[in-house]
Amino acid sequence: MTQPTLFARASGSGRAGVAVFRISGPLAAHAVRTLTGGLGKPRYARRVEVRDTDGSFVDDGLSLWFPAPHSFTGDDVVELQLHGSPAVTQRLASALEELGLEPAGPGAFTMQAFANGKLDLTQAEGLAELLEAETKRQHEQAIGNYRGALRDRADNWRRDLIAAMAVLDAAVDFPDEEGVPEDVAQRARPAVDAVQASLTTTLEQAAGARRLAEGLKVVIIGPPNAGKSSLFNALLRSERAIVSDEAGTTRDFISARLEWDGYLVELTDTAGLREDATSPVEQAGIDRAEGLAAEADLLVICWPSGEGELPDWLERWRGPQSIVVRTKADQIAQLSAQDLSLSVITDVGLDELRALAASRFAELAAPGMAPTQRQAALLSEALSSLCEFDRFALVAPEAAAECLRAASRSLEVLTGRIAPDDILDDIFSSFCIGK
Amino acid sequence: MKHVPDKRVLVVGGGHAGCEAAAAAARMGADTLLVTHRADTIGEMSCNPAIGGVGKGHLVREIDALDGLMARAIDQAGIQFRMLNASKGPAVRGPRSQADRKLYRQAMQSLIKAQEHLTVVEGGVEDIIVKEGRCCGVLLASGEHIEADAVVVTTGTFLRGMIHRGEERTPAGRLGESPSVGLGDRLEGLGLPMGRLKTGTPPRLASSTIDWDRLETQEADSQPVPFSFLTASIQVPQIACGITHTNASTHQIIQENLHRTATYSGALSGKGPRYCPSIEDKVVRFADKPSHQIFLEPEGLDDDKVYPNGISNALPTDVQQSFVHSIVGLEQAVLVEPGYAIEYDYVDPRALTRELELRAMPGLFLAGQINGTTGYEEAAAQGLVAGANAALSGSGEGFSVDRSEGYIGVLIDDLVTLGVSEPYRMFTSRAEYRLSLRADNADDRLTQKGIDAGVVGEERAALFHVKHSNWQKLLSWSRETKLTPPQAETIGIRVKQDGRRRSVLDLLSLPDVGLQELDKHFESLARASTDERAKLEAEATYAGFIDRQTADIQAYRQESAMKIPADFPFEAINGLSSELIERLKKTRPTDLGQAARVEGITPAALSLLLVHLKKLPRVA
Ligand SMILES: Cc1cc2nc3c(=O)[nH]c(=O)nc-3n(C[C@H](O)[C@H](O)[C@H](O)COP(=O)(O)OP(=O)(O)OC[C@H]3O[C@@H](n4cnc5c(N)ncnc54)[C@H](O)[C@@H]3O)c2cc1C
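Each protein sequence line maps, in turn, to chains A and B. At position 107 of the first sequence the residue is numbered 106 (numbering that gives the first Met the number 0), and the sequence of numbers has no breaks. At position 316 of the second sequence the residue is numbered 315 (numbering that gives the first Met the number 0), and the sequence of numbers has no breaks.
Honestly, the hints are just simulated from the structure, not real lab data. If a hint is listed, it holds; no wrong ones were tucked in.
A few chain A positions that, by computed beta-carbon distances, are all more than 12 Å from chain B: (1) LYS135; (2) GLY261; (3) GLY305; (4) SER379.
With a straight-line cut-off of 25 Å between C-alpha atoms, the simulated BS3-like cross-links for lysine-lysine are: (5) LYS585/B to LYS613/B; (6) LYS112/B to LYS101/B; (7) LYS613/B to LYS117/A; (8) LYS101/B to LYS304/B; (9) LYS466/B to LYS519/B; (10) LYS117/A to LYS584/B.
Everything numeric in this text was worked out from a predicted model, so none of it was measured. Using N, Cα and C, we set each Cβ at its ideal position, and we do this for glycine too.
Construct all of the structure, not just a fragment, from the sequences and the given hints.
What follows is the structure, given as C-alpha cells:
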C-alpha cells in the first residue's frame with residue numbers, strides 16, 4: 000500500500016486573517032514545489048506565491064518545510080500560512096487534490112505521528128485534551144498528560160508491583176532454599192501499600208482534575224427579582240466570556256462559559272425560586288433550577304439586603320458548596336454581618352465574591368493527573384485487585400501474587416501494551432479535522 | 000487416532016530430549032530411528048539424580064499427559080518422592096523425586112525397547128545431509144548415510160563440549176565421552192546464531208566414607224505420589240537424604256584458590272545458570288553468608304556414590320578434596336569423581352519455529368540443552384514436541400501447546416520469542432496462567448489435545464476418558480451436595496445462620512475448612528485420588544481468580560489470532576528503532592501477542608505494529 004499524503008486546514012474553519020494549512024506525507028515536498036516553485040531551507044519561513052497547477056495566482060503567504068523525521072507527524076510536512084478566506088481554502092484544496100493528495104480526516108495527522116512512533120497512546124490522549132484546552136489551568140494539565148506523566152506514573156507502579164511479586168515468587172519457586180523468608184507476604188506488603196496509596200490519591204485527585212478539564216458548574220439561585228440576572232451579567236462582564244450564551248432554548252435558565260481566575264466555569268442563572276408556584280409552568284422552572292443547584296460545584300444564593308433573614312426554603316441550600324450573597328446592598332445602610340453584601344451598581348462586594356469563589360475552585364479543581372474515563376476505569380480495576388491482597392495473602396502466596404499480577408496487567412493495558420482497535424479508534428476520533 | 004504413513008524420523012542423541020522425541024515420533028506412527036553413541040547410556044542422568052520440582056514437576060506431568068516416558072520411568076526409579084510446596088496452594092505444588100540412576104536408565108531403556116516403530120542405532124552423527132535446502136538424513140562417523148524425512152538433533156552438552164577442572168581442559172560431551180565437533184561445525188556453517196553456555200557438577204562422594212550419624216536427614220513423603228497418571232502406586236523403597244553445610248573454613252579454602260578455578264581464571268567464557276550457581280559463585284556473590292546448605296543425595300539403592308547437591312565447582316581436584324573435608328560429616332569422605340564445569344555450544348532458539356524446526360533448514364529440528372535450556376524435564380518437554388512435529392513434517396500440520404494450555408507452551412514460547420541469556424530453567428513464575436496450569440490437571444489440559452494430534456496411545460486414551468468422567472462426576476457432586484447451616488453445624492462447621500444452603504465446594508472455600516475436616520463425613524471425598532482432591536481444593540481456593548484468568552486467556556487468544564505474515568517487513572515501520580527491528584527480525588513473531596513478548600517491545604512500538612498490520616493510517 001502506498002501511504003497517502005494528507006492535507007487539511009490546521010487552524011480551524013471559517014474566515015480568518017491567516018490560516019495554516021498542513022500537508023503531510025511522501026508527496027508533500029513535490030506538491031509544494033509544484034505550487035510555489037520551491038521548498039526552501041528546512042524549518043525556515045519562506046515568502047511564497049501559491050499558484051495552482053495551471054499557473055493562476057491563488058494567494059501569497061509563508062511556507063515552512065519540515066523534512067521527515069523531524070516533523071510533528073514524522074513524515075515530510077509542509078505548512079502554508081495563507082489568508083484565511085473560504086475561497087483560498089477551496090482553491091488550495093482543489094489544487095492539492097489534483098496532485099493526488101487527500102483531505103485528512105479527524106485525528107489523521109496524530110495517527111500518522113503515532114504510527115511513526117512520535118507519540119504513545121497516553122500522549123495521544125493528552126494531545127486530544129491539549130487541543131481542547133480553553134483555560135490556562137486546563138492547558139497546564141493537558142501538557143502534563145501530553146508529556147507522558149500518567150504513563151510514567153503507571154510504569155513506576157507496575158515496576159514496584161513486579162518487584163513485590165518477585166518476593167512472593169521466590170518463596171514459591173525455591174521451596175528447598177534456605178534464606179527464603181516464610182512471611183513473604185509481609186515483606187511484599189510495604190511496596191503493595193505504597194502503590195495502593197498512590198493509586199488512591201491519583202484517583203481522588205482525578206475528580207478535581209476532571210473538573211478542571213471539563214469546567215466547574217456555578218449556579219445562581221434565588222427568588223424572582225433578587226438581582227440574579229444583574230449578578231450574572233456583572234460576572235460575565237468582569238470575567239472573560241468564552242462562548243457567549245447560546246441558552247435561551249428554554250426560558251428556565253441561561254448559561255455562559257467563562258474563564259474565572261484561570262478556571263473554566265459554566266455559569267448558570269436559573270428561574271426564580273419561590274415557595275408556592277403559581278402555575279405548572281413555573282413549577283417546572285423551579286424543579287429545573289433545583290436540579291441544577293443540586294449538581295452545582297458552587298451555588299451562589301441571592302437574597303436582597305434589607306429583606307431580613309433567608310426563608311427556610313432558601314436557607315436549606317446553604318452549605319459548604321454555597322455562597323450567600325445579599326444583593327442590592329446600595330439600597331440600604333445596614334449591611335449583613337453574616338453574609339456577603341453586594342451591589343452591581345456600586346460594585347461593592349463583587350471582587351470579594353470573585354475571590355471567594357476562586358478559592359473554592361482551587362479546592363475543587365486541583366490540577367493533576369486527569370485520566371480519561373478509559374484510564375480511570377483501569378486505575379480503579381488495578382486498585383480493586385490490590386485491595387484483595389491482604390485477604391489472599393492469608394490463603395497462599397501464589398494467590399496474593401495473582402492479585403499483583405492482575406493489577407499490573409490493568410496498568411499495562413492503561414499504557415497501551417495491547418490497544419484493541421476500538422480503543423485506538425475511540426481515541427483518534429476525538430480529534431477534530433486537521434490535527 | 001491419526002497415523003503418519005511412510006515417514007521416517009531420525010533422532011540424534013539418546014538423552015532426555017532424544018528419548019521423548021523418538022518415542023513421540025514413533026507413537027505418531029513414523030518409522031523412527033534413535034541414533035546415539037551408546038545404547039547403554041540411553042536415559043543417563045548427566046548430573047543431579049532427580050526428576051521434578053516446582054515448575055519442572057509440572058512439566059513432567061504434562062509430558063505424561065501427552066503419553067511421554069519420563070514420568071513412567073521415574074515412577075519405577077524414584078527413591079525419595081517429595082511433594083514440594085505441600086503447604087502452599089495446589090497450583091504451586093511440585094512433585095519431585097530423587098532417582099536411582101541405574102533403575103532410571105533401565106526403565107527408560109525398556110520403555111524405548113517396548114515402543115513400536117522405534118529402532119535404536121549405535122553411532123556418532125558427524126553431519127547432516129541437505130538436499131534442495133531441506134535436511135533429509137545424517138552421515139555417521141562410520142561413513143554410513145541414513146536418509147530420513149526429518150531429523151531431530153538432541154545432542155545436549157556435546158556440541159564442541161569442553162570440560163574444565165582447575166587448569167585442565169578436556170574436550171568432552173560428558174565426563175569420559177567425546178564431544179560432537181563435526182555437527183557443531185556444521186550448524187555454525189549454516190549461519191545459525193550460536194553461543195556458549197556452561198554448567199557444572201559437584202564431585203561424587205563414597206557413601207561409606209560419610210559420617211551419616213552426625214547429619215540431619217530429610218525423609219521421603221510417607222505417601223509417595225506418582226508422577227504418571229498411569230502409575231497406581233510406587234513400589235520402589237524410599238530412602239532419606241542427609242543435610243550438611245559449608246562453613247567459614249570451607250569458604251576460606253575456596254577464596255584462596257579462586258585463581259585456580261576455571262570459572263574465575265577467565266578460561267571459561269560461557270554463561271552459567273544464575274539459579275544454580277557453583278560454590279565458587281556462591282562464596283563470591285554472597286560473601287556475607289556464613290554457610291550454604293548441601294543435600295547429600297544417594298545415587299541409588301545399591302550405589303555407593305552420593306551426589307552432594309550444592310557444591311558444583313571447577314576447582315582442581317586437590318582443592319575440591321580439601322574443601323569437602325572441611326565440611327561436617329565429610330571429613331573423611333572419598334571423592335569418587337571430582338566435579339567439573341562444562342562449556343558447550345547452543346543454538347539461539349529464536350532461529351526456531353514453535354514446532355522447534357529451524358526456519359533456515361526445513362526438516363531439521365532441535366530439542367533439549369542444545370537450545371540453551373538446562374535440566375532433564377525442560378529437555379524432555381522439547382523433545383516430545385520436536386518429535387511429534389518431525390513426524391508431521393511436510394504435512395502442513397503442526398503440534399504446539401500455547402501458554403494458556405501448559406508449561407510446555409510457556410517453555411517453548413519463551414525460548415523462541417526471547418532467546419536465552421543464561422541456561423533456561425522452568426519456574427512457576429514464568430507462567431502467567433499459573434493458577435490454571437497445575438500438576439494435578441495436566442491431563443485435563445492436554446491429553447485430549449494429544450489424542451487429537453495422534454501423539455497419545457490408545458491405552459492412555461481409554462484410561463483418560465474413564466478418569467475424566469469420574470472427575471466430572473466428583474465435581475458435580477461437590478457442587479450439588481448442599482448443606483443448610485444447621486446441617487453444617489452437625490459436622491462441626493460453623494457458618495452464618497442465614498438459611499443459605501452451601502455446597503461442599505462452598506464449605507471447602509471457607510478459610511479454616513480443609514479436606515481433612517470433610518473427609519470423615521463424605522465418603523466420596525475420602526475415596527478421591529490425590530489429584531482429584533487437589534483439583535477440588537483449587538476450585539475452592541482460586542474460585543475468584545479462575546474467572547478473571549479465563550478472561551485474560553481470552554484476551555491472549557485474541558492477540559494470538561492477530562497473525563503477522565512470515566514475510567512481514569518490520570524494517571518498513573518508520574517509528575521503530577533499528578534495535579527493535581533487529582529483535583523482531585530475529586524472533587520473527589507469528590502473531591501480535593508473541594510480538595508483545597519480544598524483549599524491549601514498548602507499548603508504543605506494539606501499537607505501531609498493530610497500526611501497520613491493520614494498515615490503519617488512512618483514518619477517514
Ligand atoms: C556436567 C553437567 C552438569 C549439569 N548440571 C545440571 C544442573 O545442575 N541442573 C540441571 O537442571 N541440569 C544440569 N545439567 C543439564 C542436564 O543434564 C541436561 O539439561 C539434560 O540432560 C539435557 O538433555 P538432552 O537430552 O538435551 O541432552 P543429554 O542428556 O546430554 O543427551 C545428549 C545425548 O546425545 C548423544 N549425542 C551427542 N552427540 C551425538 C552425536 N553426534 N551422535 C550421536 N549421539 C550423540 C549423547 O551420547 C547423549 O546420549 C547438567 C549437565 C551436565 C553435563
